[in-house]
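Take these sequences, add in the hints, and give me the full structure.
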Amino acid sequence: MERKHFLKSLLVGAVSAPALLTACGKESEEVTPSTGSTGTGTTGSGSCAVAPTETEGPFPTKAPASYVRSDITDGRTGYPLTVKINVTNTNNSCAALAGALVDIWHCDRDGNYSEYGGTGMQSTNYQALHFLRGRQTTNSNGQVTFTSIFPGWYSGRATHIHVHIYSASGQSLKVTQIAFPEGTGSAVAAVNGYSKGMTGYTSNSSDNVFSDGVSLELATVTGNTTSGFELSITFGVPA
Amino acid sequence: MSRLITLCYRKVIDAGSAHPWDKLVFEDTYQEFRMQAQYFNQEKKYRTFGQLLQHAPGAEQLHFLVSAAVRGYLQQLNGLVPDILDNLGRHFLRFSKFQFEIINSDVLDKSRHQVAVNFYSEPLRWHDTVGSYLLVSDAQASGPELLTNMFQLQPYLIIHSLQTAD
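Protein chains in written order, with the UniProt record's numbering: chain R, 1 to 239; chain U, 1 to 166.
Careful: at least some of the hints might be erroneous.
[What the hints assert, rightly or not] For each label pair, taking beta carbons as the anchor points, the in silico distance ranges come out as:
no.	chain 1	residue 1	chain 2	residue 2	range
1	R	80	U	163	40 to 48 Å
2	U	137	R	48	20 to 28 Å
3	U	51	R	128	25 to 33 Å
4	R	226	U	142	52 to 60 Å
5	U	109	R	54	31 to 39 Å
6	R	200	U	142	47 to 55 Å
7	R	62	U	108	20 to 28 Å
8	R	84	U	54	33 to 41 Å
9	R	56	U	137	21 to 29 Å
10	U	122	R	218	46 to 54 Å
11	R	58	U	27	13 to 21 Å
12	U	58	R	203	22 to 30 Å
13	U	53	R	203	33 to 41 Å
14	R	225	U	162	45 to 53 Å
Hint data in this document are derived by calculation from the structure and do not stem from the laboratory. Only a predicted model underlies this, so the values are computations on that prediction, with no experimental measurement involved. Glycine included, each C-beta is placed from N, C-alpha and C at the ideal position.
Right under this line is the structure:
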């Protein structure tokens, strides 16, 4: 009786064995490297993919925009230029405005701006720096200082530096441009457009931004091509 | 026949993003967008990125201009593409190139801000496909034995370039 039962169980086992083998066969078929085409199975619906199994981290920390720096040269060559901008509050008797954000940007010696893509949208190395763009916060004297190079020029424009002044919370207070004195003895004449020369240069009076008068946008520029230049200007903003 | 491939992972970040890195990128790119958009919107006529693109000359530069807000966070990834795991559950995909894009935004409604970081991987050698997994090795690796890795294609991850030199 007991022996019969044992044999019967063997038989059951024998019958079920092929089914198991079939199941195994099916599974092993799935992990057989397929050649040529990509797998026909579900490609990552999420639920069948492994979950992250790593030690936590790195932990992200608050990072300022990469504009925030005083030296915006980023390897661009040219005559050194220190840019000092004073910001005053026209709503407060032109007292110094502390805590304002000041963005500046300008072209390099060849007249090119830092940007990738534009309409083209190409990729860029994440460690590569954009050049000649910076952001500083005004100190208690309402002043920011940038270290840069003397800008070159490009067709249709006089030498200029773009400026955008924001409140501490980022509200736009003023969009403007800095104009440079020109003519004999000026820094613009001394730099002489770097290798380009000044043929075809647009003077302030012909420039479509500055031609309506540059009295409020004209900087004081001192220095020379040996020791570099220093630019200073004051902008009043309604803060 | 092995092929050299690069992958592109488009990481979309919006108000629903939950991870700390994503949230920081969301907050800071929105703040930068609101600041930079003012340059193209000095008469305050527009409120969405779509309107700016359509009506404000030069507004397409906002992709580049706002990308400055994300660069510091890219440095913190130590060269590894986030979210994409091998079949051991580890981050493995190395990148050096990225492209930031603003998908949508609205200067008055933060919840409509949506951006993407496109990560372009370093080249990989694609040897074979096992089930739904790509069998790859480092493009530089050579020798009789190669260390390989396996991962699955998934939404927002594509083979971005293919080189069939050998």
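Status of each hint after checking the structure:
1. Between residue 80 of chain R and residue 163 of chain U the beta carbons are some 44 Å apart, a value that agrees with the proposed interval 40 to 48 Å.
2. For the hinted restraint 20 to 28 Å between residue 137 of chain U and residue 48 of chain R, the CB-CB distance of approximately 24 Å keeps it satisfied.
3. Between residue 51 of chain U and residue 128 of chain R the CB atoms are about 31 Å apart, so this pair conforms to the stated range of 25 to 33 Å.
4. Distance hint check: the CB atoms of residue 226 of chain R and residue 142 of chain U are about 53 Å apart, consistent with the given range 52 to 60 Å.
5. Between residue 109 of chain U and residue 54 of chain R the CB atoms are about 36 Å apart, so this pair conforms to the stated range of 31 to 39 Å.
6. For the pair residue 200 of chain R and residue 142 of chain U, the supplied restraint of 47 to 55 Å holds, since their beta-carbon distance comes to about 54 Å.
7. Restraint check, residue 62 of chain R to residue 108 of chain U: a C-beta distance of roughly 24 Å satisfies the suggested window 20 to 28 Å.
8. Our hint of 33 to 41 Å for residue 84 of chain R and residue 54 of chain U holds, since their Cβ atoms are close to 39 Å apart.
9. Hint check: residue 56 of chain R to residue 137 of chain U, Cβ distance near 28 Å, so the stated range 21 to 29 Å holds.
10. Separation of residue 122 of chain U from residue 218 of chain R is about 50 Å and conforms to the stated range, judged on CB atoms against 46 to 54 Å.
11. At roughly 18 Å, the beta-carbon separation of residue 58 of chain R and residue 27 of chain U lies within the given 13 to 21 Å, and the hint holds.
12. A hinted range of 22 to 30 Å holds for the C-beta pair residue 58 of chain U and residue 203 of chain R, which are about 25 Å apart.
13. A hinted range of 33 to 41 Å holds for the C-beta pair residue 53 of chain U and residue 203 of chain R, which are about 34 Å apart.
14. The hinted window of 45 to 53 Å between residue 225 of chain R and residue 162 of chain U holds, with their beta carbons roughly 51 Å apart.
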